[in-house]
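Participant: For reference, the chains in residue letters:
2 protein chains.
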Amino acid sequence: MAIKLETLRHSLSHVLACAVKELYPGVKFGIGPVIENGFYYDFDFSKSKESPKEKDLPRIEEKMREIINSNLPFKKENWNVDKALKFFREQNQDYKVELIKDLKKKGEKYVSIYKLGDFIDLCKGPHIKSTEEINCNAFKLNKIAGAYWKGDEKNPMLVRIYGLGFETKKQLNDFIEKQKQAEEVDHRILGKKLELFIFDKDIGAGLPLWLPKGAILYHIIENYLYEELLKEKYQWVKTPHIANIKLWEISGHLSFYKENMYSPIKIDDEKYQLKPMNCPFHLKIYRSKIRSWRDMPLKFAELGTVYRYEKSGVLHGLTRVRGFTQDDAHIFCTPEQLSNELVKILNHGLKILKTFGFKNYKVYLSTRPEKYIGTLKYWEKATRALKYALNKKKIKYEIDPEGGVFYGPKIDIKIRDNLEREWQCTTIQVDFNLPEKFDISYIDKKGNRQRPIMIHRALLGSVERFIGVLLEHYKGDLPLWLSPVQIWVIPVGASHRKYATEINRELLCNNFRVEVRDENETVSKKIRDGEIQKIPYILVVGDKEMKSNSVRIRTKNKDIGMMKLRKFIERAKKEIDRKK
Amino acid sequence: MAIKLETLRHSLSHVLACAVKELYPGVKFGIGPVIENGFYYDFDFSKSKESPKEKDLPRIEEKMREIINSNLPFKKENWNVDKALKFFREQNQDYKVELIKDLKKKGEKYVSIYKLGDFIDLCKGPHIKSTEEINCNAFKLNKIAGAYWKGDEKNPMLVRIYGLGFETKKQLNDFIEKQKQAEEVDHRILGKKLELFIFDKDIGAGLPLWLPKGAILYHIIENYLYEELLKEKYQWVKTPHIANIKLWEISGHLSFYKENMYSPIKIDDEKYQLKPMNCPFHLKIYRSKIRSWRDMPLKFAELGTVYRYEKSGVLHGLTRVRGFTQDDAHIFCTPEQLSNELVKILNHGLKILKTFGFKNYKVYLSTRPEKYIGTLKYWEKATRALKYALNKKKIKYEIDPEGGVFYGPKIDIKIRDNLEREWQCTTIQVDFNLPEKFDISYIDKKGNRQRPIMIHRALLGSVERFIGVLLEHYKGDLPLWLSPVQIWVIPVGASHRKYATEINRELLCNNFRVEVRDENETVSKKIRDGEIQKIPYILVVGDKEMKSNSVRIRTKNKDIGMMKLRKFIERAKKEIDRKK
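Protein chains in written order, with my numbering: chain A, 1 to 580; chain B, 1 to 580.
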């Protein structure tokens with residue numbers, strides 16, 4: 001069965017080549033193998049009058065159906081190598097000639113040839129007997145792309161046409177539907193399609209590189225957090241990515257967190273560690289000055305990139321990586337302030353998650369793990385404080401037994417996305433232990449030295465993972481304020497270009513992220529591209545729009561009619577202010 | 001001579017204690033040793049009616065002069081340990097009692113005592129014979145601070161009064177002047193005084209931690225660059241701080257830049273490196289997509305934190321560190337675009353340096369170093385292009401022979417600061433070699449694959465070093481747009497607090513970084529503090545200002561009179577827009 005399907009797909013690639021030969025005389029053929037779920041064929045159109053575009057695929061499919069319906073047989077022949085060379089040379093099939101030469105060099109005397117109507121191909125086979133074995137409705141050409149001959153960048157660039165091939169129409173449609181659903185949701189596919197981020201094997205697994213559009217999205221989120229935290233009287237700090245191993249000895253990470261830390265770097269006979277957490281740095285900043293009760297609560301925030309070991313098998317796109325940026329903060333407070341601060345952080349966390357569109361969540365209280373530092377008394381106090389805050393906010397929660405961090409218990413908020421999946425984001429941890437390890441203090445009203453309590457908290461958790469979750473939650477259709485490109489302006493014809501540029505300028509002045517698409521393509525092709533790239537607003541401008549200083553608006557794959565530019569700007573600004 | 005000066009300083013600390021005893025009855029004495037350039041004494045004022053503040057130092061000095069002028073002798077006596085214990089216990093001198101107990105434990109039978117008038121101290125000496133040996137005009141109390149008893153945070157916090165002591169008035173004044181000048185300029189001292197950054201031995205040399213105010217300054221510069229580069233059509237990207245060693249093998253860094261790179265980190269049996277440069281990552285981003293001549297020039301920018309080895313001996317504040325953030329960018333262009341792009345970068349670099357206040361600079365052209373990659377032909381081409389750009393801009397330059405990077409020659413712009421010192425900032429490097437190593441290409445108009453040229457460029461160089469240079473250039477008096485705190489509002493009395501808060505709100509609405517100083521201190525003390533902290537505008541508000549909706553403005557240590565609040569806001573906004 002599996003072999004039969006492979007043969008069928010291979011034969012489909014010959015039918016494709018045969019159709020292309022008829023439609024694009026002069027085309028040169030590369031190779032046409034079977035791939036997962038289908039097939040492709042590589043073509044060189046440099047000697048043809050024109051080169052097919054994506055829009056031409058249905059026409060090629062039509063021609064393929066014609067060929068299939070004429071019940072052509074696949075005929076195999078064995079040719080002498082020199083006869084084959086002569087034949088393909090006469091046909092100007094340079095790539096085939098190259099392949100046959102390679103075979104000759106290897107000592108081959110004969111090569112196998114398959115004939116399908118007029119199309120004669122160098123091919124090992126096997127093939128089906130006749131095109132009548134192919135179901136006309138069970139294949140589809142689905143992609144056209146560039147590919148180097150033999151995959152080598154030094155060689156010419158060919159055009160590769162991809163197709164899907166199945167035995168039944170239902171199998172084909174099921175596959176297309178499944179693929180569409182997966183692509184719609186999977187942030188790894190969306191990340192590629194929307195050109196947000198890549199991974200590269202020479203750089204390493206779990207280490208994302210942010211492409212320009214992804215970096216814009218990243219920056220919007222960073223900027224939003226920067227302003228939002230200033231309002232809540234957080235003070236931003238910035239710390240290095242490595243520190244002497246001494247720091248991790250003091251903090252206890254070296255004993256309690258070692259499996260997540262990388263091997264040390266040697267500098268001048270001392271060992272340094274890539275940071276897996278930001279807390280010890282913030283404790284050092286706390287210690288840099290004598291602190292008074294007047295300074296409490298003192299809140300240090302940092303978008304700190306940390307590196308933690310994860311097994312390569314569990315790495316997954318942005319949601320499980322080896323390097324990520326925590327929206328980290330540490331609140332130092334007096335015992336009297338603790339519960340109030342916890343309630344404030346809970347409120348703030350839920351507000352921020354709501355801004356990003358997450359309204360459903362589940363809350364967990366994680367208790368003392370097997371390996372821990374500090375006294376049981378401290379652990380009990382900390383756990384009580386967390387419970388108090390949850391009860392005060394009347395938040396229902398579940399206990400996650402032994403799920404705390406080595407230095408303290410925590411509240412975790414797991415958001416529920418549009419597909420009803422849970423993602424851990426916000427974490428709030430109460431810590432009596434690190435203040436002791438780092439021996440930090442403040443002077444109370446009476447002039448005595450007191451030990452502050454430390455709250456560790458991240459609201460989004462990891463910016464990287466949060467972006468992964470956002471993409472899946474919205475299926476890539478990000479809210480306007482988060483979209484890397486918010487608006488496309490498409491002039492209908494050359495005479496509308498100037499007007500499109502004016503609109504572009506006006507929108508830029510109003511701080512929109514906008515692009516004019518004035519390439520020589522049809523308007524409908526551009527609209528389709530824009531929708532694939534999830535551009536929130538596509539503004540088409542022609543004569544009518546120009547005359548009335550208006551734009552024709554397409555949003556969420558729908559034309560919602562003409563609107564004065566001024567009014568559109570108002571509408572879009574309001575949408576951004578509402579952050580949805 | 002040196003011993004005599006030490007003795008003099010030691011005696012001065014006793015004179016200080018003697019004066020404090022008279023002025024603050026009930027004071028308990030800690031210790032009072034000699035330090036570089038002077039002395040200090042630690043006091044516990046918890047049993048006194050009041051505790052001296054900085055403003056009280058002149059009064060204490062006056063009392064010291066009185067004591068000195070009465071020509072009191074220093075009298076030494078040897079007391080039996082138990083007699084001493086009894087005496088200091090009766091005097092409630094707990095700290096002295098503790099010291100004597102320590103001596104007793106060590107087996108001492110006798111302790112030496114010094115008497116100066118009523119003040120009797122446990123002290124090894126030696127001392128001068130009489131206060132008449134002290135020059136009344138050659139000492140000064142210069143600082144008051146908190147210090148833990150025996151330097152241990154578990155002990156009570158004492159008040160430490162510091163003094164300077166010399167033989168002549170001229171020596172004292174010379175020292176004060178020299179210290180003032182050094183503090184005014186040295187960014188390490190300014191960084192501490194203005195609470196911008198710290199270093200910590202447990203974290204490691206050359207790894208700065210940015211305190212809240214420093215992080216604001218850092219953020220302002222980052223934000224300015226972000227917006228400025230968008231205008232110039234740069235595309236921001238973001239890449240990790242480590243990469244597989246394979247990347248550095250491809251780039252050639254492992255062979256040509258090894259001495260500046262740290263030892264590798266092992267992950268899953270592969271080696272990873274902390275990044276010393278961002279270029280290989282940007283090359284990988286370039287390669288992530290097929291590029292066309294239409295995309296050129298393609299400009300990737302990143303504020304990328306890199307880690308490079310420097311010997312511990314050459315580390316210096318922010319200007320020579322082991323981890324720093326480059327305002328890095330790579331421009332990929334066609335050969336035809338090269339010289340135009342170089343001229344554009346030169347213009348842009350000089351414009352940005354001017355915005356920060358650097359108008360004088362010197363330009364160097366650095367040629368092929370001893371160790372290099374690529375062909376001589378490429379090196380010549382690259383050097384010619386750089387010369388062309390310099391000549392086109394009519395910029396005078398000097399040759400720095402063999403000063404280029406291993407992959408290409410470069411133009412360096414060294415700015416001249418207000419003290420006529422040179423600092424390297426902008427660097428522009430032409431590179432034919434890395435595009436080859438990474439085998440990157442674009443498709444030209446004819447559909448052929450072509451190799452782009454790569455320009456490496458940083459305008460500020462390192463954000464950390466640039467901040468160091470900025471601080472020294474301005475002696476800490478940063479322009480308004482760069483000041484972490486721009487405005488202080490000081491209410492004259494309690495009845496003006498509400499008005500001060502209103503002004504604060506109005507200024508915050510206008511995006512100023514502002515603080516209300518309504519602590520219980522005198523207005524003049526607050527003004528002095530504000531000037532030490534280099535606050536650009538200090539607004540004092542009392543009855544008169546309240547009535548007329550005005551503020552009294554102090555700037556650059558001068559009162560410039562009353563102004564309507566609305567007018568002041570206009571003035572300050574203009575100043576920010578002009579960026580000076």
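One should not assume that every hint holds.
Given that identical chains are not distinguished, each listed pair holds provided it fits within a single copy or across any two copies.
Claimed, not checked - The calculated lysine-lysine pairs, modelled on DSS-like cross-linking and capped at a C-alpha distance of 27 Å, are: (1) K344 with K193; (2) K104 with K567; (3) K192 with K246; (4) K534 with K63; (5) K359 with K564; (6) K193 with K445; (7) K170 with K180; (8) K271 with K311; (9) K556 with K354; (10) K558 with K387; (11) K371 with K124.
Keep in mind that the hints were calculated from the coordinates and are not lab data.
Participant: Work down the list of hints and note, for each, if the structure agrees.
Facilitator: Verification of the supplied hints:
no., hint, in the structure
1, K344 with K193, "neither (39 Å within a copy, 33 Å between copies)"
2, K104 with K567, "neither (71 Å within a copy, 89 Å between copies)"
3, K192 with K246, "between (41 Å within a copy, 24 Å between copies)"
4, K534 with K63, "neither (32 Å within a copy, 78 Å between copies)"
5, K359 with K564, "neither (34 Å within a copy, 47 Å between copies)"
6, K193 with K445, "between (59 Å within a copy, 25 Å between copies)"
7, K170 with K180, "within (15 Å within a copy, 85 Å between copies)"
8, K271 with K311, "both (24 Å within a copy, 15 Å between copies)"
9, K556 with K354, "within (22 Å within a copy, 46 Å between copies)"
10, K558 with K387, "neither (48 Å within a copy, 55 Å between copies)"
11, K371 with K124, "neither (62 Å within a copy, 52 Å between copies)"
Figure legend: structure checked against the earlier numbered hints; hints not met, in rising order: 1, 2, 4, 5, 10, 11.
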